[in-house]
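Could you put together the complete structure from these sequences and hints?
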Amino acid sequence: MAFVVTDNCILCKYTDCVEVCPVDCFYEGPNFLVIDPDECIDCALCEPECPAEAIFEEDDVPADQKHFIELNAELAQKWDNIVEQKDPLPEAAKWDGVKDKLKHLEK
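In my numbering, the protein residues as written are 119 to 225.
Accuracy of the hints is not assured; some may be wrong.
Unchecked claim - Below are the DSS-like pairs computed for lysine-lysine, each with C-alpha atoms no more than 25 angstroms apart in a straight line:
#1 LYS184 with LYS225
#2 LYS196 with LYS219
#3 LYS217 with LYS204
#4 LYS219 with LYS204
#5 LYS184 with LYS217
#6 LYS196 with LYS225
#7 LYS184 with LYS221
#8 LYS184 with LYS219
#9 LYS221 with LYS204
#10 LYS212 with LYS225
#11 LYS225 with LYS204
#12 LYS196 with LYS184
#13 LYS196 with LYS221
Don't read these hints as lab results, they were simulated from the structure.
Okay, here's the thing in structure tokens:
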């Protein structure tokens, strides 16, 4: 069972999770990260590292965010792999905790 990046990562894009991933399964878009479910080994190291608490095990993704399971799989095939921690987006603190940010996702 893979881990999934959900709504609260949008417009924040903290990359603390990337730094601890042993299999480099994170992919980076303009304002969001995703996890490739085929590469994730379910080690759970990323989940506690996310300052925005946007990462869930697939079975624990909140009901209103289940669409992020497919979105992670789809975007991981399109975006570039990220393997090193970077600074979060400039307004990450402002957007952290804002609900329903999917409309702001840049693909």
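Hinted pair, alpha-carbon criterion (25 angstroms max): LYS196, LYS225. Please report holds or violated. OK: LYS196 and LYS225 at ~9 angstroms, within 25 angstroms.
For LYS212 and LYS225, compute the direct alpha-carbon distance and say whether it is at most 25 angstroms. The hint holds at about 21 angstroms.
Please work out if LYS196 and LYS221 have their alpha carbons no farther apart than 25 angstroms. Holds - the C-alpha atoms of LYS221 and LYS196 are around 19 angstroms apart, at most 25 angstroms.
Check the hint pairing LYS184 with LYS217 against an upper bound of 25 angstroms on the C-alpha distance. It holds: about 15 angstroms lies between the C-alpha atoms, which stays within 25 angstroms.
Starting from LYS221, check that the Cα of LYS204 is at most 25 angstroms away, please. 24 angstroms, holds
Satisfaction of hint between LYS204 and LYS225, Cα-Cα up to 25 angstroms: Judged against 25 angstroms, a Cα distance of about 19 angstroms means the pair holds.
For the pair supplied as a hint, LYS184 and LYS221, is the alpha-carbon distance within the 25 angstroms limit? 16 angstroms, holds
Assess, step by step, whether the Cα of LYS184 is no farther than 25 angstroms from the Cα of LYS219, and give holds or violated. 14 angstroms, holds
Pair hint outcome, LYS217 versus LYS204 [Cα-Cα no greater than 25 angstroms]: 24 angstroms, holds
LYS219 and LYS204 were given as a pair; does the straight-line alpha-carbon distance stay at or below 25 angstroms? Since the Cα atoms of LYS219 and LYS204 sit roughly 21 angstroms apart, the hinted pair holds (cutoff 25 angstroms).
For the pair we were handed, LYS196 and LYS219, check the Cα-Cα distance against 25 angstroms. 20 angstroms, holds
Does LYS184 pair with LYS225 here, judged by a C-alpha cut-off of 25 angstroms? 18 angstroms, holds
Violated hints: none; the structure is consistent with every hint.
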